[in-house]
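Chemist: The chain contents come next:
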Amino acid sequence: MFTRDRWDEILEALNANKARTFLTAFGVFWGIAILVLLLALTNGLKNGVSADFGDFATNSVFVWTQQTSMAYKGLPKGRRFNFKLEDVALLKEKLPALKYVSPRNQLGGYNGANNVVRNSKTGAFSIYGDYPDYINQKAMDITQGRFLSFSDIHAKRKVAVIGVDVVNNLFDKNEEVLGAYIKISGVNFMVVGVFKAANTNGDQEEDANSIFIPFTAYAQAFNASDNVGWLAITAHDDVSISGLKDQIFGILKNQRAIHPDDERAIGNFDLAKQFARITGLFSILTVVGYFVGALVLLSGVIGVSNIMLIVVKERTQEIGVRRALGASPLSIKAQIIQESLLLTILSGLVGISFAALVIWVMNFVLDQVGYVENFSNPTVEMSTVIVALVILVVSGILAGLIPATKAIQMKPIDALRTE
Amino acid sequence: MIEIKDLHKSYTMGNNSLHVLKGINFNASEGELVSIMGSSGSGKSTFLNILGMLDEADEGSYFLDGVPIKNLNEKIAANYRNQFLGFIFQSFNLINYKTALDNVAMPLYYQGKKRKERIEKSMHYLEKVGLADWATHLPNELSGGQKQRVAIARALASDPKVLLADEPTGALDTKTSYEVMQLIQEINDEGKTILIVTHEPDIAQMTKRIVNLKDGLIIDDVLVPKPVRAASHV
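Residue numbers (the working numbering), protein chains in the order written: chain D, 1 to 419; chain W, 1 to 234.
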């Protein structure tokens, strides 16, 4: 099919009218470049928004206590209550589908009053009482030392893992951080680790101003007993946390003597649901991206087909001559299809390369400027590109087919007569 | 070489049927140089097209070198044209983006000949028509006479049994016409059968036999006693 002679014929024909060839190629080039870019941008948006979730395991739900709204078992409504550590153990025991159940407590708050002192320096930070599991739920990079461990929990060690901004605020440059003591609300804790949020994003500042201490040490130092501020619960990957919520609430209500129908007693934030909503949005966006891109590509292909029609019309006489000289209809047809095929594939490849270049520049710039809200790492999958290429090849054949058929429908004598 | 019996052809245009050829009987043997004359509308072009398998007759038989030419599909017709016939057109019909050499090589390409052989043969025929030095030129760099010579070389390239020329001098001035006719006569001298459609009597006088068509019939078919040698005019 593609002998050297055929190549010569095709290249000659395409070369014969450079402007026409260029315009045709540009249509396809533009179409595929837009398709790839659209998909890449959609992905960039997706990656960007996902990154905001990304440092917390998405199959998670946060559960906290509110006021009861129904009287139950002789207890009045409007009652305040706390989860207890034993609830955590019970949840883990009764619901094996749960991967992590982390009880958490918080002291002070972001932008609150100064609550941490080191020598002459003070600062206001969020102090969290946590279990070691928490780092599996919220990804953090430990830049120095270590995170909390279970032996910290058991020994109720007064140790702290602090955020990078805590270091900046309380320590001088080049000062040894690990092993130093900081005074949290009057209680001394030894710094054993420094962390940085895994995905730098909008919450970076708040994260960087956080301090983690063992849950048990927190309870002892700040007199929290076995009260739990709130729970961060993550299910195993193959189970949806949203589906487990009712069971979790049931257990908790039973434990805390809450009326089973009391909807207001327990508050929750379903990260999985939020994430699913965003994911859903992005699947729609992806579909839209494909749709629009495909339409642009289609118009490019129609452009090729149109131009090939004109080409065939312009070359009617030439085709007549070729047939008079003994070209079979098949060879004429093959040549026209191959011309359009070569054109679409070549310009398609250039289009993909161009889009890749643009994506590369985008990523380069993004790397330079750092974090951009809701946008990061625009990419396309190789499989998508291959699909686009296949579409191109098929459409190239289709684009050539109509004009090719037209070319051989005409009797050679009529073709010859055309001036 | 050519045997035609009772050839009929009509064209339908809307409701009108136009009977163009009304029973043509024609024979030509090998080595003949025949001119076909007639006013416009006499059917001479249609006749040539049927001879050239560019068009098909409604009725009648056509044998070319003993091969019956009938019920052709386009593929076989293309093959026969390539093997048996060489075409020379009034408007040359060279492919304008191909060099003279590549134009000549076209029929060989469709014969599936090897590249080297194509170039050798094409060069040979270009030499024959005296345009070896112009081999790499594009048609628009050639004069009318040169273009027709390239076209003749192309017609010869596949070594066909019959050359069919449709008004080969129609687009040329007198001097160039005679040069082209001289070439055609020389080719005929080598034994090639050539049919020329023309309406120019002086061109017809340079052939060996004149067939006159009128209203779709051959009204007269005479041998030219002493064909004019075009060389004497050049």
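Worth flagging that the hints you see were computed from the coordinates, not collected in a lab.
Among the clues, some could well be false.
Distance condition first, Cα-Cα at most 27 Å in a straight line; then the derived DSS-like pairs of lysine-lysine [as the list claims (entries may be wrong)]:
hint	chain 1	residue 1	chain 2	residue 2
1	D	K183	D	K173
2	D	K183	D	K158
3	W	K128	D	K313
4	W	K22	D	K411
5	W	K226	D	K333
6	D	K156	D	K138
7	W	K98	D	K18
8	W	K5	D	K406
9	D	K333	W	K75
10	W	K70	D	K411
11	D	K173	D	K196
12	D	K333	D	K99
13	D	K333	W	K114
14	D	K411	W	K128
15	D	K245	D	K92
16	D	K411	W	K175
17	W	K98	W	K70
Remember, it's a predicted structure, so these values are computed and weren't measured experimentally.
Chemist: State for each hint whether it applies.
Modeler: Status of each hint after checking the structure:
1. For a cut-off of 27 Å, the pair hint linking K183 (chain D) to K173 (chain D) stands: about 19 Å separates their Cα positions.
2. Our distance criterion of 27 Å between C-alpha atoms is met by K183 (chain D) and K158 (chain D), whose separation comes to about 10 Å.
3. Annotation: proposed proximity of K128 (chain W) to K313 (chain D) is violated, straight-line Cα distance about 34 Å (limit 27 Å).
4. Distance check on the hinted pair: K22 (chain W) and K411 (chain D) sit about 22 Å apart at the alpha-carbon level, within 27 Å; holds.
5. Simply put, K226 (chain W) and K333 (chain D) have alpha-carbon atoms about 48 Å apart, too far for the 27 Å limit, and the pair is violated.
6. With a CA separation close to 22 Å, the supplied pair K156 (chain D) and K138 (chain D) stays within the 27 Å bound.
7. Distance hint between K98 (chain W) and K18 (chain D) is fulfilled; the C-alpha atoms sit about 15 Å from each other, no more than 27 Å.
8. The suggested pairing of K5 (chain W) with K406 (chain D) is violated, with an alpha-carbon distance near 34 Å, which exceeds 27 Å.
9. Between the alpha carbons of K333 (chain D) and K75 (chain W) the distance comes to roughly 12 Å, so the proposed pair stays at or under 27 Å and holds.
10. With a C-alpha separation of about 16 Å, the suggested pair K70 (chain W) and K411 (chain D) falls inside the 27 Å cut-off, and the hint holds.
11. At most 27 Å may separate the alpha-carbon atoms for a hinted pair to count; K173 (chain D) and K196 (chain D) meet this at roughly 17 Å.
12. Proximity of K333 (chain D) to K99 (chain D) is assessed by CA-CA distance (about 64 Å); at most 27 Å being required, the pair is judged violated.
13. Restraint check for K333 (chain D) and K114 (chain W): the C-alpha separation of about 22 Å stays at or below 27 Å, so the hint holds.
14. With a C-alpha separation of about 32 Å, the suggested pair K411 (chain D) and K128 (chain W) falls outside the 27 Å cut-off, and the hint is violated.
15. With a CA separation close to 13 Å, the supplied pair K245 (chain D) and K92 (chain D) stays within the 27 Å bound.
16. Pair hint K411 (chain D) plus K175 (chain W) does not hold up; C-alpha atoms about 35 Å apart against a cutoff of 27 Å.
17. Between K98 (chain W) and K70 (chain W) the alpha-carbon distance is near 33 Å, which puts this suggested pair outside the 27 Å criterion.
Consistency with the previously given hints fails for numbers 3, 5, 8, 12, 14, 16 and 17, ordered from lowest to highest.
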